[in-house]
Structure formats: C-alpha cells, structure tokens
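A.B. asks: With these hints in hand, go ahead and build the complete structure from the sequences.
The residues making up each chain are set out below.
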Amino acid sequence: MKKIYHHFVAGCCCMLLLLCVNSTFAQKKISGKVISENNEPVLGATVQVKGTSTGTVTDVNGAFSLTVPDASAILVVTFVGYKPREVTVGEASTLDIQLETSASSLNELVVTGYTTQQRKEIIGAVSTVKADELVAVPAGNAEQQLQGRVAGLTVLTSGQPGTTSLVRIRGFASFAGNEPLYIVDGVPTFSIENINSFDIETTTVLKDAGSASIYGARASAGVIVITTKKGRRGKLQVTYDGSYGWQTPGKGFSMLNPEQTARYTWTALRNAGKVEANGNPTHPQYGNGVDPVLPDYILAGDQAGVFEGNPALDPSLYNVDFNKGDIYQIVRANKAGTDWYDEITRTAPIQQHAVGLSGGNDNSRFYVGFGYYDQEGVVLNTYLKRYTIRANSEFTIHNRVRIGENIQMAYRDNPQLTNLNEGNAISLAYRMNPLIPVHDIMGGWAGTAAKGFNNPSNPVANQTRAKDNKGHAFGVFGNVYAEVDLVKDLTFRTSFGGGLFSFYANGITSRTYENSENIGNDLLFENAGYGYSWTWTNTARYQHTFGIHDIKALVGIEAIRDGAGRNLSGTGLNPFTNVVNYRTLTTTQSSGRTVASDGSPGNDIFSIFGKVDYTLMDRYLISLVLRRDGSSNFGIANRYGTFPAISGGWRLSQENFLRNVSWLNELKIRGGWGKMGNQRIDLNNQYNLYAASASFAAYAIDGSSTATFEGINKARIGNPEGRWETNITTNIGLDATLFNNTLDIIFDWYHKRTNDLLYNPELPATVGQVTYPTINVASMLNRGIDLQIIKRGSFARNWRYEANLTLTTYKNEITRLAEGVDYFDGNSFGSTRIGTFTRNQVGHPISAFYGYDVVGLFQDDNDVKDSPEQDGAAPGRFKYRDVDGDNRITPADRVFFGDPNPRVTSGLDLTIGYKNFDFNIFLYTVQGAKVINYTRWFTDFFPSFPGQAISDRVLDSWTPQNKGASTPVFEDVSNFSTNTQPNSYYMENGAYIRARNVQLSYTLPNYVTKRAGIERLKVYVQATNLFTITDYDGLDPAVSGVDTNFGVDYGNYPLTRQFILGLSATF
Amino acid sequence: MKSYKAIIGLFAMAVITATVLYACRKSFLTREPIGQLGDADVATKKGVEELLIGAYAVLDGNYNGFNWQSSCTNWVYGSIAGGDAHKGSNAGDQADINPIERYEGLPTNEYFNTKWKAVYDGVARSNNVLKALARADVSDEDRVRIRGEARFLRGFYHLEAKKMWNNIPYVDETIDYVNNNYKVGNTEDAWPKIEADLKAAYDSLPELMAQVGRANKWVAAAFLAKAYMFEKKYAEARPLLESIIASGVNPRGVKFDLEPRFQDNYNAETKNGRESIFAVQASVNDGGAGNNANPDQILNFPYSDQGAPGGCCGFFQPTQELVNSYRTDANGLPLLDGSYNTGANQVKSDQGVAAGADFTPDAGRLDPRLDWTVGRRGIPYLDWGNHPGVSWIRDQANGGPYSPKKNVYYKSQEKVLTDGSSWTNGLTAINYILVRYADVLLWAAECEVEIGSLEKAREYVNRVRERAMDEQSWVKRSDGTPAANYVIGTYDAAWTDQAAARKAVHFERKLELAMEGHRFFDLVRWGEASSTLNAYIAYETTIMSLLRGAQFREPKNLYYPIPQRQIDLSATNGVSALEQNPDY
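In order, the protein sequence lines correspond to chains L and H. In terms of the working numbering, the first sequence opens at residue 1 and continues consecutively. In terms of the working numbering, the second sequence opens at residue 10001 and continues consecutively.
Be aware that a few hints might be false.
If you want the ones that stay clear, here's a sample from chain L, every Cβ over 10 Å from chain H, calculated [stated by the list, open to error]:
(1) 61
(2) 68
(3) 131
(4) 243
(5) 260
(6) 466
(7) 581
(8) 628
(9) 868
(10) 884
(11) 1012
Taking lysine to any residue and the SDA-like style, the derived pairs with C-alpha atoms no more than 20 Å apart in a straight line are [unchecked claim]:
(12) 10415/H to 891/L
(13) 10046/H to 702/L
(14) 324/L to 10046/H
(15) 10411/H to 574/L
(16) 230/L to 409/L
(17) 10415/H to 525/L
(18) 10415/H to 470/L
(19) 10411/H to 323/L
(20) 470/L to 376/L
(21) 10415/H to 593/L
(22) 10255/H to 892/L
(23) 10415/H to 577/L
(24) 10046/H to 710/L
(25) 33/L to 361/L
(26) 10556/H to 891/L
(27) 10415/H to 574/L
(28) 10415/H to 578/L
(29) 10411/H to 327/L
(30) 10556/H to 892/L
(31) 10556/H to 871/L
(32) 10045/H to 710/L
(33) 324/L to 10528/H
(34) 10045/H to 693/L
(35) 10255/H to 702/L
(36) 10415/H to 510/L
(37) 10415/H to 591/L
(38) 10415/H to 590/L
(39) 229/L to 391/L
(40) 488/L to 540/L
Hints listed in this document are in silico derivations from the structure and should not be mistaken for laboratory results. Source: prediction; values computed, not measured. For glycine and all other residues, C-beta sits at the position ideal for the given N, C-alpha and C.
C.D. replies: Following this line, the structure appears as structure tokens:
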C-alpha cells in the first residue's frame, strides 16, 4: 500500500515537472485584422491563444497584434454575435480572420461560476440576459429589469421608485433567504440596487446545483452573475444613452360620489336599525332627515354639517397656528367630490443619462461609466435620484500578469412610501371621504377633524409635510484583482472585493390639526449607519486539451465577511422652529428624546472549492463540483458543510447519425444533481442573549414619572446545534438549435427539495417572549419547468424579426415544519385588522390564503334557518362553507381557498425590424395567481370605519330585491358573518397580461451620422406598461410582500404607464 | 526567466498560505453579538437586579409594543365583559373585542393569545431572575430579597392567568428550552403553587425597600389574600387582610390607608399615595418612546381632535347600566333592589342629543363617585371643561354617550405628565393600581359577611363610603358647587341579613372599583356572573343594539378559552399538553 502511495506521489511530481518543462519559449509575433462577413472591421473581438490566457482585443479597425508561442499555436477569435473561430497561426506574420455571424445563442460566451464557458459546453441550467434587453425598460433597480427575461426567475415588484423587489429563482426554497446571490465582477452581494444597468455587460442566471453549487455556501436560492463592461484595446469609444419621459398615475379607485356616499350611509344605518326617535338615522354631517343632506361646510370651529349663514363661518375666527391659540378651521364641503387618488398623484418625469468611455492598449485598458437616474414617483414626494460612477481598468505586465480593479460609487436619495400599509398615501386615498376637500377656505389642510368621517388623515398633507424628509445613501462596491499565468494552461487569480456603504436620514413627523386623530407633537428623527462586506478569493485555473480530451479545472479558496455594520438613531420632540436647517436632535426639547444603536458583527464564511469539467470528443461532457464552507452563523460543532454536484451532457448533434440532419444545428441533453447550502439566519442564532431595553425592560420602580431604572430581559434563545440547510436539486434539460440557427429551444425540468430547512417555529408562550431559535426542521419542495424559445429570421427583404419567449412554472409545497407544528401564519409584514389571510402549512404552498370559504350570501330567513348554524347569520351576509359537516360554522371550517403563487409566468419579447427601424413589444403575463384585495375591508363594509369613502361595488350590494348580488348587504353591523373574518370574498384573480414595453426605434444611416463624427445613433419612443389586461379590481394585480406573506393588497404602489423619448449614441 | 516564474509562483503560494492561515484562525468563524449580554454576564449582582427590573417592567402587559389586548388593567376582560363598559368606538375598529363583549369569544381570537403571551412572559422573566440568581454571587440578604420579589412576581402573573383561564400551566424555573420541558400542561390546579409563591414572598420580603414600586411583605400579603378570595378561603384571607389593614405599610414605610380624595388614585401627580398597595408604575418621556406610559390605554380617550384629552379613539365607554347603578335613595344608599334600571331611576343620558342642542344633566340623587368614573355630558371632565356629549363620542349608536375617566390626565399635565414621542397624546404617567386599600377593605368586608361579623362588614363598607361622602371627593364646578346632586350616606342600620349584607358589599365593590378591570372576575368568583350579566344584557339591549342576542352561558363563559394557538404550539405528535376549557 505504502509503495503504491509513493509511486503516486512520484508520478504527480513528474507531471508537475513536465508541465513546467513544456513551456518553451520559441515566441513569434503576429498581427492581423478581424472582419465580418461583409468585410467590416470587428471592434472588440477577443483573440486568444488557445489553451492559454494570452490574448488581446481588437481595436476600432478590427486590428490586433499578439505574441504566440510558435507557428502551431491556435488563435481562438470570439465576439458576441459571431461564431467563434479557431485559426492555426502557421508561418504568416499577418492574419485576416473573417467571422461568420452567429445567430445561435448556443455559441455565445457565458460567464459562469468563476469561469467563462461557451454555451455549447454548458450542462447546467443557465440563462443569460442580453445587455440591451436588460436596459429596455427603465428601472431604478436592475433586478426589476430581469422580470420576464429569464425562464425560471420570478420578480414581484411594485411601481415605487427604487423599490426592492422579490426576486425568486425557481420558487421558494426557504422561509428566509430566498434572495438570489449576486456575483458582481466576482464579488458576492445580495443587493444590486446601486448598479447602473448601462454598466452591465453580461447577466447570467445559474439556476441548478450543477451550475450554482460552486457558490455552495449561499447558492441555494440561485445565483445571478453580473459582469460589468471592460475596456477594450483600441481608440477611445464613447457611448451615450439618455431618455426622458413622463409617468401617468392612471385611474384610481372607483368610489361613490358624496351624494351616493351619504345615501348609502343612510342605507347602512337603516339596515342596522340604527335610527333615532324620529325613525331616521343621524350623522354629524348629513343631519337627521328622511334623506341625508350634504352640508355647505363640513367644519366651522367645532361644528360639523354647517350651512351658509351660520355665524360660525366668520373667517375672522379662523386659526391654524398652534401658537396663536385654539385651532379654528372653516372647511367648505366638496359636493362635487374629491378624487383623493388624483390628489396624491401627478404626472411625474423620469429621466436617465449614462455615459460610457472605454479604450486602452496592450498594457492597459479602462472602462469608465457615469450614470444619472432620476425618477419621480407618481405619488407625491416619492422619488429616486441616483448618481453612479464606475471605473474598471486592467493592466497587463509582461504578458503574464494582469492587475485590475472594478470600482463603483453610488449616491442615492430615495424617499419611499411604506408600501402595502394601511396608513400610506395610497390606502388613505381610498379611505378619505370624497366630501372632504384637500384644503380649507384659507388654504390650510382639510381633514377628518370635521366629525363623521372617521380617522383617515389627509394624504396630500402628509406627503407635502414630508417633502423635506431626506434619506441619503452612499456606497462603494468593487474589487481589485491580479491574475498570473504561472505556467502554460495554469492561471492563478486573487481578488479582494466588497462593499462599504453609509446612510443618513432625517425628517419630521409633523404635528397636525386637520385630522380626527391628530399627531400631538412634531417628532424629529435622525438615523445613520454604515456597513461593509468583503470577499477574498484565490483561484487556480487549469485547462488543457489532450487530443480528444478537454479538461478545465479550478480550485479555490475564499474568505467572506458579509453584513457587518452599526446603526445609530434618535428622535426628539418639538424643535423651536420647523425650519429644515434649524432642526437637529440637539434643538429638540430636552425631554422625550429617544436614542438607539445596534450593530451586526457580520457573517464570516470560509470556503474551499474545486471544479472539473471534462469533455470527450467535443460531445460527452461531465462536470464535477465540490465546495466546503464554514460559517460563523453556526456553532462550532456544525460549522462546516460540503456541497457536491455532478452533471453530464451529451451533444447528440455531434454524433454521426445526426450530423447530416440539415435542420438540426445543435442538440444537447443534459442533467445534473447536486446540493446547495443556505445559512441565512440571524447571525446571533447560536447564542442565548439578554438585552437592555428602554421600552420593554426598563421600569420606573422608584415611582418617578419621567425616568426609569434600566432593566434587561432575555432577548433570544440560542441554538448552538444549528447547521446548514441543504437544497438538493435534480435538473434535466435540453438545448436545441434548429433551422439554420434560427430557432433556439432551452428546456429544463427540475425537482428541488430543501432539507434541514432553517426555520424558527413559534414556541409555546411558556418560554417567554423572546426571539425563538432557528432550528433545522422544515422541508420544502419545488418542482417546475423553465422554457425559453428564441426564433429569429427575416420574412421578406429588409424585414427581420426576433421573438424570445420565456416561460416559468413552479409548484411549491411545504413538506414539513417542526415537531408539533404544522403551520405558521404570515403576519410578519403588513397586518390586517381582522387577522392574517396567509398561512404556511404542510402540504400547501408558501403564503397560501386561509379562512372561511364564502359559498354565497344568505338569501332570506329560511336560507339562514336551513343552513349550518353560523354566528351573526342574516339575509345578505356571508354564508360560509361547513367544511367538517357538523352543521355549525366553527374555526374548524376554515380552509385554504387560494394562493398567490403564479402557476405560469411568461415573457414574450418580440422585435420586428425594417431597414433602420425596429419595433419592439415585450409582454409579461402572470397566470394562476390570486390576490387578496384587502382594500375591500375598508371600502365594502360600512362598520369597518363608518364615515370613510365607500367603493362603488356597493351599488350592486345585496338587497331583498337584488338577491343575485355578490357584494353583501350594506349595513352597519360588524360580526362573524360580515366583516370580521378573513374569507374568500376578498380574494380576486390576480392574473394579468401587461405590455411592459412598446418601443419604436430608428437608427440613423451611417452616412448621415459619420459626417457628425458619430458612429451610431439611435432614437426611440417608448411606452412602458401601456396596457394591463386583468380582472383585478384594485390598482395593480402585482402585489408583493415577504415570502411567507405576499399577495395581500393593503395599498400597493401601482406600476403605471410611462412615455419615453430616448437616444443612444456611440462616438 | 525561470527565477521570475519561481518568484511569482512563490508569491502565489504565499498568498494562498496567508489566506488559509488567516481564515483558519478559530476567531475568524466566531463572531460575537453586538450590544447584547450572554448567560455569564447576567449571572451577577448587577445582572440579576436588572433582570428583576425587567420582570417588573411587563406588569403593564406590554412586552413588545402598544398591546391593548394584554392590558394590565383588563379593561376588556374585566370591565367590558363585566358590564362596566362597552367596547365603544365604532363597530369595526378592534372588532375582536365585539365577540368578547358578547361572550362569544372564540379560541382563535387574537386578544386571548396576546394576553396569554404577556402573562407568561412575566412568568418567564421572573424565572429568568431565579435562574441567574442561582448562579450569581450575591449576599444572602440580597438573595432572599431578590428571590422573594421574583417569586412574588411569578405568583402575580400566574394569578392573572388563573383569573382569565382557570386551567393554566404553572411554569417554574425548572422549565427551560434546553430541558425540552416547556410544553407544560394545564390539568393540575395551579392555586397551591400560586399560593406557595406568594406565601414565600410574604414570609421573606422585608417591609422597607429601596424603591416604592417594589413588592414588599405587605404587597405579597395583599396578593396572597387576593388568591384566597378567589379560592373562597375566607378563613385564611381574613387574618391576612386584618393585618394589612392594621399594620400594612408601603416600601417607604407609609401606613396604608384610604386617600382622603377618591380621585387622587387616578392622578399622576398623587401617585403612590397611601391607598396604593401595589401599582403598575407609569412613566413618560423616559426614552422608552411611550412604552412605559400606559400604551395599553391609548384607545380609551374621548374621540375629539380639539380641546379634549388623548385625541383617540373613543373606546371603553361606560354602560348605561353602570351609570344607573350610582343612583342613590334619600339616605344616599344605592338601590340594591335593582330598581335603578327602571323608570325615572335611570340616569338621564344625552343619547341622540345633537352637539349644539341644550342638555341639562340628570338632577336626581347620585353617588359622587359616578363623576370620577364616567365622563358624561354637562359634567366637568377634569380640567377639560364640561363633557360636551356627542362631539366627543365616535359613534353613539355603537358605544353610547359616555366616556371613560379614571385613565384620563389633566389638561394642565399635558406634555409634562404625558409622553409626546408617539402619535397620541394619550400616553400618561398615571399609575394603574392593581390593589388599593379600598379593595382590601371590601375583601375584608366580604370575609366578614361569609364567615364573621356582618357588623364588622358594615364598618368596612362604611369606611369606603365615608371617603366618598367627603366633599373633597366630589366633582365641583368652577364656582365650587357640586357638579350634580350628590347624595351619599353610610349604612346606618345594623346588618342582620347575610344575603342583604352580601349584596351591599358586592355592590359597593361595583361602585368603588368600576372601570378598574375587576368586575367580571368578581362576578365569576361570587358565582353571580350568569344572573347579573344576563340581566345587564337584557337591560342594555333596550337602549342599544350591539348586545342583542348575546348571552352569558355557564359554565362556558366563566373562563375565557385557552388560546388555540397555544394549544397547537404545545402539541407533541398531535397531542397537546394544553386542554381547552369546557364548551369551547
């Protein structure tokens, strides 16, 4: 045994020696030119000596020069959009290499995990997004631009500028940490909000274990690899992309007008028997008559429902200045009705400008990008302003060492609404009674201080008062790297990168006077913080071809710190004046200040990984991946996890029996299996912790009314036994290119099971109210199909087209939670006033809707009598399904009646070109998703908040004469059978088809632009979200949320139409 | 050339080695929490003392935010369910209270779960003190005191649960996540263990303590007596109550007694007076963002934006039945025959009277405590001027014409004894008194009625009434005249009939402690809940529609349902450690 070992070691040493000796240096210098089929120079093509990393890039004339080892060297010439070509150098010293246009995406170069591969070599589930597709629709966050572009990738987003979206690759593998890992120029991150999309060159989505598990530690939710633009050898190239447009808010909610609102108020009160001695209802505004009467004024001093001639209307009594005494408002009724959605929205401008400069020579290359993105939101005082600078450069030393950096700096100012919140401006727009005007008679704010309109606050006032609230963020992200060609075929690379950000926000919640529930003080807040992450990666890459064997190997070692930082925040009350530059925490009143600070130590990960790709005869492919990660998130015993993957492929089209099938250009079947890990839990999960809290542990034990003794309480139960969550994926796929490279089909089927899923089940209250430990208990299953079909070609002279269809399906099922726990409710985000609609239960998909199933409305007393016993049952109210058949409606009768997971999402990108014109339409569709329209609770039921605005749905509410209605009887009764239970009445079909982009562009003829010194000039007009076809009754069926509680519309910031003019130029 | 290659090769190796060494340092994969303490840190004198403060801190029921569901005042479970008050506001706001008011609360009602979580958080915090204390190096004197306080608090929190649910799990310091024994059952009667905790505290705690808010010997005695009262152990309760009455002092050494002015029990400026045996200490503008300032009661203010306290949200509106109860006869005694709900005895209300219309308040004889308990139109509302009626009411048709008052601050105290750091002005420094001296006197009276001297009972009741008879305890108009026709007197005729005496004592508790969260629990422990509450429903339904069809059912409604969520969470292999209460 020992002997064999010695032989083995000796053998290995010899191999190493051979590798070194092999590199002799009979060098030869050649130059040449790369041209296209029509003899145009190809700028930016990569010319590389096969089997080495020696290479260069063609300049603006398509020229290159290169030193090659000898005449037998083979040059590999590649460029996006062309078929790669291999040319043996031979004896000549100059070479003209003609490239053939490649229509097939199967030949494109794909940046994958730590390496670059040709698509034909890829055997994992990998999708790419072209740079121009990515920027087709303007968005403040590149992740939004991926929507519909990638089969298997779902993006749930809203119309709020700068919003963070839910990006999910192949469904939901976990209860937390489903955000994909982004690898930007080799540096991992979970946020790409600061990247200027115009700086992006390639986007690759790694969906299965075979492709992604090289990033083992954090790959379970998929990986999106982004590379930014690099400089190219040649003359300075300048690009400019700019656009300007307008966003229209569209139509708001369909509400009753003031007269109808009053009439239906009477209906509701009469139906509930709430009448006064004279037999009529009463209301502070509408009087006490047989019919309600709209007043001339809704407020004069403390009087409501005032008519002309009342002495209280004397304008000299008016006062809205707290310093001058009691508030006295006079507010005229807006009998025509205020359209509150219209008041809080506007036609908002959007513009973006990006300049890119690139160039370089043999020794140094650079790309510099400047970006400016400025989007006003359609809702007042929401906007995103972002400024970015990117500088990427690379230096070559002695042909064997490359050193470079990719650095991005970004500054953003991005005030947002709390989306999906009952108090945001959009929710208030459907809650404010239309009889209330925006302003009182003297220009002060009007509101629910006038009795009878319940408690919403004036959203125009809120948004206007918030106009000086600022949220600034500054971030630097990037890396420095060095690559050394150690010996022939072996390259060592080291990269150190990461991000550093800081933020600062301040603003005020103003004291109010116009509302029924006013804010009593000016509350100033300031907060700031910083954070950082870094990654140090060292890899060695080897590739060699021995005859029919082609081997690529990679080994690496990586150290990561992620999510470290500290935060500081404070509040104070009533500064002397509200002048923006005066107010600081220091200038607030001395009592009532609060401070808080906290921090995160960061998550450290240490990894060793390796990958071998082996290709036999250019047709049999096999890939092995192994990664071992250690994470600081786990206790010492379980810190390390190992993540293997194996995949294989067979290019059938290379086989003799298919070689002569003329319509088949490429056919590959492939499959893979592997494990990926997830460790995204709270960094402190392994510790028992105690914390001081001024709010929940301090106590005025000495009887002081204005100070407390410090106290502490247990804050967390630790779980030192936590270990890696593992996600086992099986993927089977097929790639085909047909009909002279005009049709590509990429198909994948997958089965993804998550085991040891990290989840912190609620514990019985007997352990106290602490953060519960995250433990490895749950499991989840996702299955689905990703399909992409690309068809291109021409159908007449000068006419060309390209259609790109992506189709995504996933079926998610929770297969296990914890011992004794088979569900948990989704209430971590947003909350309704009647409990939660979403429940996560074993056997059901994530975030499924749960409650009583409405089978109809009770038609009459006999119907009530004959139906199962139900609290509050009466004609016109909800009749629930008696699921357990015990003839009584009890909590046991609650069922799952739908879920927000789309059955199919699909994107169709269609471009038709004629000469210099291109017309593009991009349709995005979601089918089979359901939405809870929780806004109905406020607008369809009188007693929810009597006096608020009422939906026009009640015009068709149940009455003894209108028994076929779907909207229940309109009455001021709140009980189990009306508005107190989550039930299926609120659920609507969330399917939609949306024209995300419609664009017409014109590229000016070369001869025109050349004269102006412009290489290429394209102008375009564009409309985004031009139409949406949906049955959904709310503003927008695309309703986001958090993973365990999404699809509930509490006031969703809608995606609205944009009309844009744009220009794209290259100098 | 070779040496060049060797150099870069060596360089690369060096980089890799450095990385490995750096990363493999054990410390690299160990990241310590920021701003938090570990088990060892708290097992110290300072740690234990602060954990103890943390255990007191949830007396208010507020463990994670503004939780009215778990209010220490039990305004929902004790007062609304006891017929003192309606939910108020409008029908849809806090709709989960509607079924509780109608005795239709389901096990899935989130209110019950939140209350459960709050009291058991108190229990867990008390146990955390004991766990850390066992490992800490503290003096024997401190150890005895800290242990006594923690056991008192543990007993207190369990007592609170016992009132609500009867069949409750008792959780001591042996229960721990790591011991995997936290799914505690509720089939064993918890009274002996609650008594043991309170008794241990009574036996070990000193009289005098460093801060007035702590539980001393007499505080423990009062709660032990309370437990006995719930157990109907009058023989055990009586001597304890007598000793509190005779010699109980607060931690400052002040002898317990009635406040001369009834209303001083509800004023932040006169908190921790001699009547306050044990109170939840409230504080404002203390850096806690209002969380120590009665956030559980911010809904319970008149509904008006101007010239009114709090500004929100019109909940907790006293019932007509409660208001009528304060009607007195010519001798100033309550109408114990129940005739207060009939004919002209009913107190005149402004239900349906418009904002600007003339209204003269009831001119009949009334117990003066009414107007410190209920805000009613035309009567001064502290220093906020006269209650204006409907313009302070959110929805009269739903909640009636009255406002709560005992939780309300004075206008002169706004922003001084109220907290501005949240949206509401209704965050106050008013203590909620968990047990006050009047409470103790009336318990003692009960004991005398049941097992002692009816005359002694009369004496205790009269002490309480005499304080109310003192004009200092009356609501006055600005000219110094009484705000209404207050006629109140003592029981001067000897008590000879036990049933009549019992009725008088029970009714005195209703009047004296109305709106303080006790009524429902008193009715249950007296065995009077069904008769009294169904009569209340019948009467109140003649005025308002919201109780129509409601019914108190015995035994079901004697106790609230065990929260379904907790039953589910306590399951092992589908079998829950917790059993639901009867009939739910």
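A.B. asks: Now, for every hint given, state plainly whether the structure supports it.
C.D. replies: Each hint, compared with the structure:
Listed as outside the interface, residue 61/L is consistent with that label: its C-beta sits roughly 33 Å from the nearest C-beta of chain H, beyond the 10 Å cut-off. Annotated as non-interface, residue 68/L keeps its C-beta farther than 10 Å from every C-beta of chain H; the closest such distance is 17 Å. Listed as outside the interface, residue 131/L is consistent with that label: its C-beta sits roughly 33 Å from the nearest C-beta of chain H, beyond the 10 Å cut-off. Annotated as non-interface, residue 243/L keeps its C-beta farther than 10 Å from every C-beta of chain H; the closest such distance is 41 Å.
Every C-beta of chain H lies more than 10 Å from that of residue 260/L, the closest at about 20 Å, which supports listing it as non-interface. Look at residue 466/L: its CB is around 14 Å from the nearest CB on chain H, clear of 10 Å, so calling it non-interface holds up. Separation of residue 581/L from chain H is adequate, the least Cβ-Cβ distance of about 23 Å exceeding the 10 Å criterion. With a closest Cβ-Cβ approach of about 12 Å to chain H, residue 628/L is found to remain outside the 10 Å limit, as its non-interface label requires.
The claim that residue 868/L is not at the interface with chain H holds, since no C-beta of that chain comes within 10 Å of its own (minimum 16 Å). Listed as a non-interface residue, residue 884/L keeps its Cβ farther than 10 Å from every Cβ of chain H; the least gap is roughly 15 Å. Interface exclusion of residue 1012/L from chain H stands, the closest Cβ pair being 48 Å apart, more than 10 Å. Distance restraint check for residue 10415/H and residue 891/L: the Cα-Cα separation of roughly 45 Å exceeds the 20 Å cut-off, and the hinted pair is therefore not satisfied.
For the suggested pair residue 10046/H and residue 702/L, the alpha carbons sit about 17 Å apart, so the restraint of at most 20 Å is met. Straight-line distance between C-alpha atoms of residue 324/L and residue 10046/H comes to about 50 Å, which puts the hinted pair past the 20 Å bound. A threshold of 20 Å between alpha carbons decides the hint, and for residue 10411/H with residue 574/L the separation of about 18 Å falls inside it, so the pair holds. For the hint linking residue 230/L to residue 409/L, the alpha-carbon distance of about 16 Å falls within 20 Å, and the restraint holds.
Taking the CA atoms of residue 10415/H and residue 525/L, the gap is near 19 Å; set against the 20 Å cutoff, the hint holds. The hinted pair formed by residue 10415/H and residue 470/L fails the criterion: a straight-line CA distance of about 28 Å is larger than 20 Å. As the CA atoms of residue 10411/H and residue 323/L are separated by approximately 17 Å, the hinted pair is consistent with the 20 Å bound. At most 20 Å may separate the alpha-carbon atoms for a hinted pair to count; residue 470/L and residue 376/L meet this at roughly 14 Å.
Proposed proximity of residue 10415/H and residue 593/L is supported: the alpha carbons are some 13 Å apart, at most 20 Å. The straight-line distance between the Cα atoms of residue 10255/H and residue 892/L is roughly 55 Å, outside the 20 Å bound, and the hint therefore fails. A hinted pair counts as satisfied when its Cα atoms are at most 20 Å apart, and residue 10415/H with residue 577/L qualifies at roughly 18 Å. For the hint pairing residue 10046/H with residue 710/L, the CA-to-CA distance comes to about 11 Å; that is within 20 Å, so the pair holds.
Under the criterion of a C-alpha separation no larger than 20 Å, the hint pairing residue 33/L with residue 361/L is consistent with the structure, at around 16 Å. Taking the CA atoms of residue 10556/H and residue 891/L, the gap is near 17 Å; set against the 20 Å cutoff, the hint holds. With a C-alpha separation of about 11 Å, the suggested pair residue 10415/H and residue 574/L falls inside the 20 Å cut-off, and the hint holds. Restraint check for residue 10415/H and residue 578/L: satisfied, since their Cα atoms lie roughly 19 Å apart, inside the 20 Å limit.
Proximity of residue 10411/H to residue 327/L is assessed by CA-CA distance (about 16 Å); at most 20 Å being required, the pair is judged to hold. With a C-alpha separation of about 19 Å, the suggested pair residue 10556/H and residue 892/L falls inside the 20 Å cut-off, and the hint holds. A distance of roughly 17 Å separates the Cα atoms of residue 10556/H and residue 871/L; the hinted pair therefore holds under the 20 Å criterion. Straight-line distance between C-alpha atoms of residue 10045/H and residue 710/L comes to about 14 Å, which keeps the hinted pair within the 20 Å bound.
With a CA separation close to 55 Å, the supplied pair residue 324/L and residue 10528/H exceeds the 20 Å bound. Simply put, residue 10045/H and residue 693/L have alpha-carbon atoms about 19 Å apart, close enough for the 20 Å limit, and the pair holds. For the hint pairing residue 10255/H with residue 702/L, the CA-to-CA distance comes to about 18 Å; that is within 20 Å, so the pair holds. With a C-alpha separation of about 16 Å, the suggested pair residue 10415/H and residue 510/L falls inside the 20 Å cut-off, and the hint holds.
As the CA atoms of residue 10415/H and residue 591/L are separated by approximately 9 Å, the hinted pair is consistent with the 20 Å bound. Annotation: proposed proximity of residue 10415/H to residue 590/L holds, straight-line Cα distance about 12 Å (limit 20 Å). With a C-alpha separation of about 9 Å, the suggested pairing of residue 229/L with residue 391/L holds against the 20 Å cut-off. Pair hint residue 488/L plus residue 540/L holds up; C-alpha atoms about 12 Å apart against a cutoff of 20 Å.
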